[in-house]
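2 protein chains.
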Amino acid sequence: MQITSIEIKDKRFDLLNGVGSDATHTTPQYAYAVCCLKTGTSLTGTGLAFTLGVGTDLVCKAIEYLSAPLIGRDIEDLMQDFGSVYRKMVDSPSFRWLGPHKGVVHLALAAIVNACYDLWAKSRQVPLWKLLLDLTPEELVNSLDLSYLEEVLTREQAIEILTENLQTRALRQDVLATGYKGYDTSVGWFNFSDEKIVANTKKAMDNGFTALKLKVGSDDPMRDIRRAGLIRKTAGDDATIMVDANQKWNVPEALDICRKLGEINPFWIEEPTHPDDVIGHQTIARNIAPLKVATGEHIPNKVIFKNFFQAKAMDFCQVDAVRVGGVSEFLTISLLSKRMGIPVVPHVGDMGQIHQHLVLFNHIGMGHEHLFLEHIPHLKQHFINPAEIVDAYYQVPQIPGSSSDLKD
Amino acid sequence: MQITSIEIKDKRFDLLNGVGSDATHTTPQYAYAVCCLKTGTSLTGTGLAFTLGVGTDLVCKAIEYLSAPLIGRDIEDLMQDFGSVYRKMVDSPSFRWLGPHKGVVHLALAAIVNACYDLWAKSRQVPLWKLLLDLTPEELVNSLDLSYLEEVLTREQAIEILTENLQTRALRQDVLATGYKGYDTSVGWFNFSDEKIVANTKKAMDNGFTALKLKVGSDDPMRDIRRAGLIRKTAGDDATIMVDANQKWNVPEALDICRKLGEINPFWIEEPTHPDDVIGHQTIARNIAPLKVATGEHIPNKVIFKNFFQAKAMDFCQVDAVRVGGVSEFLTISLLSKRMGIPVVPHVGDMGQIHQHLVLFNHIGMGHEHLFLEHIPHLKQHFINPAEIVDAYYQVPQIPGSSSDLKD
Chain A
1 MQITSIEIKD KRFDLLNGVG SDATHTTPQY AYAVCCLKTG TSLTGTGLAF
51 TLGVGTDLVC KAIEYLSAPL IGRDIEDLMQ DFGSVYRKMV DSPSFRWLGP
101 HKGVVHLALA AIVNACYDLW AKSRQVPLWK LLLDLTPEEL VNSLDLSYLE
151 EVLTREQAIE ILTENLQTRA LRQDVLATGY KGYDTSVGWF NFSDEKIVAN
201 TKKAMDNGFT ALKLKVGSDD PMRDIRRAGL IRKTAGDDAT IMVDANQKWN
251 VPEALDICRK LGEINPFWIE EPTHPDDVIG HQTIARNIAP LKVATGEHIP
301 NKVIFKNFFQ AKAMDFCQVD AVRVGGVSEF LTISLLSKRM GIPVVPHVGD
351 MGQIHQHLVL FNHIGMGHEH LFLEHIPHLK QHFINPAEIV DAYYQVPQIP
401 GSSSDLKD
Chain B
1 MQITSIEIKD KRFDLLNGVG SDATHTTPQY AYAVCCLKTG TSLTGTGLAF
51 TLGVGTDLVC KAIEYLSAPL IGRDIEDLMQ DFGSVYRKMV DSPSFRWLGP
101 HKGVVHLALA AIVNACYDLW AKSRQVPLWK LLLDLTPEEL VNSLDLSYLE
151 EVLTREQAIE ILTENLQTRA LRQDVLATGY KGYDTSVGWF NFSDEKIVAN
201 TKKAMDNGFT ALKLKVGSDD PMRDIRRAGL IRKTAGDDAT IMVDANQKWN
251 VPEALDICRK LGEINPFWIE EPTHPDDVIG HQTIARNIAP LKVATGEHIP
301 NKVIFKNFFQ AKAMDFCQVD AVRVGGVSEF LTISLLSKRM GIPVVPHVGD
351 MGQIHQHLVL FNHIGMGHEH LFLEHIPHLK QHFINPAEIV DAYYQVPQIP
401 GSSSDLKD
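Respectively, the protein sequence lines represent chains A and B.
Under our numbering, the residue at position 198 of the first sequence is numbered 198, and the numbers go up by one with no gaps.
Under our numbering, the residue at position 233 of the second sequence is numbered 233, and the numbers go up by one with no gaps.
Fair warning: there could be bad hints in the mix.
Said to hold, decoys possible - Output of the computed footprint for chain A on chain B, the stretches with three or more beta carbons under 8 Å from beta carbons of chain A:
| id | stretch |
| --- | --- |
| 1 | 61 to 69 |
| 2 | 139 to 150 |
Stated by the list, open to error - Listed next, with one range per pair, are the computed distances between beta-carbon atoms:
| id | chain 1 | residue 1 | chain 2 | residue 2 | range |
| --- | --- | --- | --- | --- | --- |
| 3 | B | Asp220 | A | Glu164 | 28 to 38 Å |
| 4 | A | Asp391 | B | Arg12 | 54 to 64 Å |
| 5 | A | Glu263 | B | Gln173 | 53 to 63 Å |
| 6 | B | Glu160 | A | Arg259 | 25 to 35 Å |
Calculated from the structure, these hints are not laboratory results.
Note that CB positions come from ideal geometry on N, CA and C, so glycine has one too.
All chains should be built: construct the whole structure from the sequences, respecting the hints.
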């Protein structure tokens with residue numbers, strides 16, 4: 001199946017009434033730069049990169065430049081050695097100068113790479129999670145670019161992780177019967193009133209969720225502490241509550257406020273400071289332990305994740321396949337996480353559409369723990385095959401592809 | 001003086017015969033995304049961001065978006081509290097998502113910020129270096145955004161560095177008579193033949209240069225070692241020779257090859273591996289000492305520089321004002337470098353046009369050592385006021401502004 005042409009779409013979705021707001025992104029619009037690989041058949045590979053509206057056109061333009069060499073390629077042939085294709089795209093000199101491996105050009109790469117995996121799965125008529133499980137360890141690793149990781153993860157070690165876990169898959173297959181547990185990110189957006197977060201918490205618990213997130217990072221930390229206390233009181237001591245500062249604090253502020261938020265026993269504190277600050281996160285993680293740090297939605301590539309793991313600067317890895325270089329780099333970072341003992345709990349700029357597949361593979365194929373996956377319902381009506389949540393569990397997707405197709 | 005409109009230019013310059021080539025950027029085109037702040041007078045503020053050709057249009061489009069709020073602003077008024085203006089631009093939520101503080105949108109910011117400082121200097125009818133020296137410590141620091149650095153550099157500490165060095169300026173004013181020493185980057189581009197690098201070395205020495213750079217990172221390390229030996233033999237034991245791998249090696253490779261290159265006693269080894277790899281550089285720096293590591297041309301912002309300094313992962317800071325957020329962030333990183341004891345030897349994507357001003361200020365105003373500044377002559381004919389090099393010293397620019405204006 002040959003890629004005959006590429007269509008690029010700039011899709012933007014307005015949000016209302018404080019939905020999606022956090023301490024840094026106060027009135028977001030959600031948006032996707034979409035790469036569509038056309039084939040001359042009814043099948044189209046669709047790949048997403050997530051943005052916040054203005055500037056999505058920059059990502060779309062970069063998709064146009066970077067994806068051009070894919071035209072004329074056969075999808076099976078392309079994916080046999082996709083790691084090399086990937087490296088050639090990311091190391092194209094003039095685009096590399098605009099990064100390397102970060103920002104607008106890397107978001108564009110995410111959309112392109114995701115479209116390739118989507119088309120690969122569709123062409124084999126299987127959902128993405130099954131495509132990945134059906135690949136041999138060598139075939140899977142051939143689709144990855146492991147450069148710049150050699151001192152911590154070699155090709156041989158990557159294959160070894162997959163091979164070892166191949167033998168124990170049966171122990172983890174039950175997730176295909178139960179589905180993958182979700183957590184509710186939408187109870188506590190930043191601009192929601194106290195009354196609303198209490199009402200949302202009750203509703204989420206009624207719907208079966210036992211894990212919830214609250215946005216913090218208020219100018220007045222007492223607002224954060226009050227609201228965290230309200231959710232704890234409403235949800236009860238057994239509930240899992242995460243707090244998310246969205247990079248708002250500097251390091252001294254984070255140290256001070258995290259200690260105070262510790263009173264409500266949060267499961268993690270997310271993005272306490274600037275996402276580039278490896279040493280800052282290391283300082284925070286050391287000082288607030290046993291409280292745990294989660295971050296990753298703004299970390300653009302495997303090299304920086306490697307540094308975070310080496311520095312023990314995060315306890316949970318929130319890599320996002322619509323931020324890093326797509327499914328390929330997501331899997332690379334998941335292997336690296338596994339090797340270095342860090343659990344992966346993705347951020348879902350894709351609203352969980354692709355990640356519902358990826359966490360199934362991470363659990364069954366790589367042996368990552370079945371923790372939970374973020375659930376954000378706000379764009380559900382725009383997807384052709386929206387993720388299905390029943391009793392707070394993502395239902396296992398059965399339709400071929402990566403569930404990324406959007407309605408027109 | 002009011003900014004009445006903004007003109008944006010995409011300028012590209014072909015290079016011939018291997019000029020500009022390195023191990024990663026094999027056949028570069030040099031290019032600038034240019035932000036021109038028009039005033040309704042004969043004065044225009046010009047700011048550059050450096051790119052490698054294709055994709056410069058993305059930076060230009062981002063300049064258009066990010067600079068729009070500057071229209072109607074008075075330049076003196078704008079610069080009184082430019083640190084806040086800067087932070088508002090970099091933290092604009094939808095653009096921040098495309099970084100934060102890196103890639104295409106941050107390059108666009110560089111061009112905009114540089115145009116603001118250029119116009120500020122032109123409106124006061126002084127060269128940029130003199131504008132900066134004439135500012136009080138408080139005025140200078142007001143033009144900076146020190147957020148996310150608080151644990152290592154507070155506003156008070158920044159002012160203190162400048163105030164202390166105000167009192168000792170007389171000891172360093174002689175640079176205004178001698179000019180600032182240059183080093184020659186152009187003897188040893190990657191694609192040049194052995195014969196050519198030997199001939200160029202002789203010519204550079206004849207022209208008074210005592211410091212030279214060779215591009216390394218060949219697929220066969222023996223080529224690097226042979227060529228480094230040739231330059232050492234030609235230039236003599238007293239010459240200062242730097243080698244530059246342009247990110248080509250992974251960490252194990254870098255450790256191996258740096259030790260071998262140590263034989264020619266290089267002054268520094270530049271960009272031994274991926275520019276995001278703080279821990280990788282730390283490992284290399286620790287293991288190859290007393291050999292020294294230089295990096296920075298691809299480090300996009302102050303937070304990552306902070307990490308490199310904290311980890312003792314670089315010995316020379318090669319911040320580039322046409323990569324980070326312009327003059328403002330360059331000065332922030334220079335203050336941080338001073339505070340943490342790291343010398344600043346800028347990379348010159350601007351061909352030294354702006355940096356000739358900035359190193360004068362760094363030396364006189366901040367007390368940074370007068371080492372040397374990279375000299376690259378290839379775009380000289382395109383600048384209206386090209387940097388003048390006499391006997392390998394940058395002559396002190398006297399024309400108002402930052403020497404950034406390009407011919408049409």
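Hint by hint, here is what the structure shows:
1. Coverage of the stretch 61 to 69 of chain B by chain A holds in this model, with 3 residues showing a Cβ closer than 8 Å to a Cβ of that chain against a need of three.
2. Proximity of the stretch 139 to 150 of chain B to chain A, defined as three or more residues with a beta carbon under 8 Å from a beta carbon of that chain, is established by the 4 residues found.
3. Between Asp220(B) and Glu164(A) the beta carbons are some 36 Å apart, a value that agrees with the proposed interval 28 to 38 Å.
4. At roughly 58 Å, the beta-carbon separation of Asp391(A) and Arg12(B) lies within the given 54 to 64 Å, and the hint holds.
5. For Glu263(A) and Gln173(B), the hinted distance range of 53 to 63 Å is satisfied, since their beta carbons lie about 57 Å from each other.
6. The hinted range of 25 to 35 Å is satisfied by Glu160(B) and Arg259(A), whose Cβ atoms lie roughly 29 Å apart.
No hint from the list above goes unmet by this structure.
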